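Asker: Spelled out, the chains give:
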Amino acid sequence: MGRLHAEEMVLNMGPQHPSTHGVLRLKLRTDGEIVSHIEPVIGYLHRSFEKHAENLEYQMITPFTGRCDYLAAIGSEHGYAMAVEKMMGIELPERVEYLRVIFAEFQRIASHLVAVGTFGLDVGAITPFIYCFRERELILDLFEMASGARLLYNYIWIGGLAHDVPPGFVEKAYEFLDAFDERVAEYNQILTGNKIFIERAADIGVMTPEVAINYGVTGPSLRASGVNIDIRRTEPYSIYDRFDFDVPLGQGLQGTIGDSWDRYYVRVLEMNESAKIIRQALDQLPVEGDVKSAIPRRIRPPKGEIYFRSENPRGELGYYIVSNGKNVPLRLKMRSPAFSNLSVINEIGQGWMISDVIAILGSLDIVLGEIDR
Amino acid sequence: MIQLLANWILSFDILSGMGNSVAWGLSLFIVAALIFVFVAANAIVLVYIERKVSAFMQVRLGPMRVGKFGTLQTVADALKLLQKEDIIPKMADKVLFIIGPWVILVASVVTFAAIPFSDTLLAANMNIGLFYVVSISSIVVLGIVMAGWASNNKWSLYGAMRSAAQIISYEIPVGITLIAVVAVVGSLNLQTMIQAQAGTGNLFHWIPIPLPNWFIFHSPFLFIAAFVYLIGATAEINRTPFDIPESESELVAGFMTEFSGLRWALFFLSEYANATLVALLVSIIFLGGWQSPFADYEGAQIGFSVITLVAIMWTLFVRAKTGRLSVYPLGLSLVITIAAWLFPGFAIWMASPGIFWMLMKAGTIIFLLMWFRWTFPRLRVDQLMYVSWKVILPLSLINLMGVAIWMWLTGEIQF
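Protein chains in written order, with this note's numbering: chain Z, 1 to 373; chain D, 1001 to 1415.
Everything labelled a hint here was simulated from the structure, so no lab data went into it.
Among the clues, some could well be false.
Think about it this way: if two alpha-carbon atoms lie no more than 25 Å apart in a straight line, the pair counts; the simulated PhoX-like pairs of lysine-lysine are [claimed, not checked]:
| hint | chain 1 | residue 1 | chain 2 | residue 2 |
| --- | --- | --- | --- | --- |
| 1 | Z | K195 | D | K1390 |
| 2 | Z | K303 | Z | K276 |
| 3 | Z | K27 | D | K1154 |
Ranges between beta-carbon positions, derived for each pair [to be verified]:
| hint | chain 1 | residue 1 | chain 2 | residue 2 | range |
| --- | --- | --- | --- | --- | --- |
| 4 | Z | P18 | D | L1034 | 35 to 41 Å |
| 5 | Z | V247 | D | V1066 | 48 to 54 Å |
| 6 | Z | G43 | D | Q1083 | 33 to 39 Å |
| 7 | D | A1076 | Z | I213 | 51 to 57 Å |
| 8 | D | P1329 | Z | H163 | 58 to 64 Å |
| 9 | D | K1084 | Z | D246 | 52 to 58 Å |
| 10 | Z | I239 | D | G1261 | 57 to 63 Å |
| 11 | Z | P18 | D | A1404 | 47 to 53 Å |
| 12 | Z | Q189 | D | P1329 | 19 to 25 Å |
| 13 | Z | D246 | D | K1390 | 39 to 45 Å |
| 14 | Z | Q189 | D | Q1083 | 52 to 58 Å |
The structure displayed is predicted, hence computed values, not measured ones.
A virtual CB, placed ideally from N, CA and C, is assigned to each residue, including glycine.
Make a model of the complete structure from these sequences and hints.
Answerer: Here it is in structure tokens:
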């Protein structure tokens, strides 16, 4: 017996919808509860970042990068700063590199906490979300200590950092790390192993490695499909080659490799790995060093172009910068991971129910600020 | 209760001239008003409790600003809702849009007429009480479909359709579960049902653990039936993990999306009225209603001592597991136990049936429902149907048969 087909209805999900993680609009063609086609409509948060960048001096672009991926501002700033530094051939003090890695990994934990919490929210579990935000607050406290801001930091400057960390920072960071593993166990207890949660996430929206690669999916979503690509490991930038950490891959523990549960669980595991990196970086952190010593007076990269990629919490963040030797870039293109990750939604979300589409979207962990730029 | 009230009114010299039928009508009105006030006040209290319970589960404080510990927060919220602009969407079906919430509210409030709160506190002692409650409460779905359809909003329509499918599916296993209890009592009268659970007896008839004669301890089948009923009823009142009709992360607010102000408040009111109704029904049918769990005052003293022992073990367990010392359960049970041993009057009061026990049991069930809500994710709509048709329905049928066989084995009925 075939499935009964009824008249199709177009359902507008968003731009004002609780689970589209911002101002995303999804045009769903639905047949009853089953979604037969998904068309993401983006651009509601477009702020002309790339055009702005063509009219701003290099150091003035840094705060704008943070506003793209507002949940991982340090990640964006880090990638941008490294791209320009590579163009100019700036050698950084050791302390700067270590602090940058520490903050980038803290940011990864904070961003994954939001991803994990909101994914729980998407499938209807409210309490884990609050638990995740409790830990995120502690990380934001650390950021506030260092940069004075809690969301958009403008902390990583080209050639250094805005400020050195205040006294007491390292102790507080250790304190957070000591408690963190226990907290992750708490999430696993309340959400990861929950039977209803597994029913809702496992085997839903399976993304095969081929599909993931064809659509340019990167980051945890790609690794959940079993593809071992982490730019921190494959093309180590900054000082990531000095640390010992694992790259968690999706194993299909509750269902198929590459399902929503895997995408969720890879993020949970990555938080532990990031904590491991931070601990090593804090242990090795040089005590001496001026974080501002390498900041150039005039930022005028030589004529030429560069594509620099780094591992953002959401995937591969690339900056393509063309310089004509002036203090303003001729062109700046940002390759944002969530943009490519979102493009796969129709492929893996077709044929599932409305509730599943929301779970799949949540498992991709998109940030609209970065998609629309 | 109506007749009692009428007699009481007529007993005043000044009022005795009004005649029996007038007095009866007046007391009918008073009782109806009392029920409505109970439902409304109950919702206000429960909203506050739910917010506090959820806050404590989520390591927050919850409402703290309005009144001491935020106790007046829901009153303030209710006032705010009353003041809000009443918006009826332009393309909505106006008539259905207006009567939808009222159908839901009326259906959930009138069911309280048959609920016995104590041996006398009962609006209408119907001999088909259970049937009345179950049938009237299922009118709620009609109002939900009305509201969802009339809103002329796709999300509302989805919510309404899901709700209709869900409530109708769960009505069947819930009904069959209740039939199992009716088979034991031999009556649909809720008062008779409670009286049949008086006294103490063995657990499951043969296991020599003295427990109250509640139906949850009647047989293994009714023990399961209590949980089947609780699950089914949770689904019927649209609470997490079965809150798919209003699943806020998917359907915005489901059938309530287009409603605002007072009309929205009516949905809220009926939601909590339904939750209370389910809690009351569970305590009436399976937990002995207004019967005290203790047979006499000695029973109360011994019972509380046992509870204290359990609390000590719980405290030690929590201490070993998390390293935290939670003294509140232990302290509370210790205070009550000492009071029960020192003052026989207190123990006698504890052992006597009444509204206190009814509300205690219902409150426990409501807390359980809140606990579910703030812990579980939400099921998908087809998984919900799976649970209903393939798990709970067969289970309830087996229960019904099992209860019949059990009664024959224990000699409660003979052929």
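Asker: So which hints don't hold here, by number, going up?
Answerer: Going through the list in order, the structure violates hints 2, 8 and 14 and respects the others.
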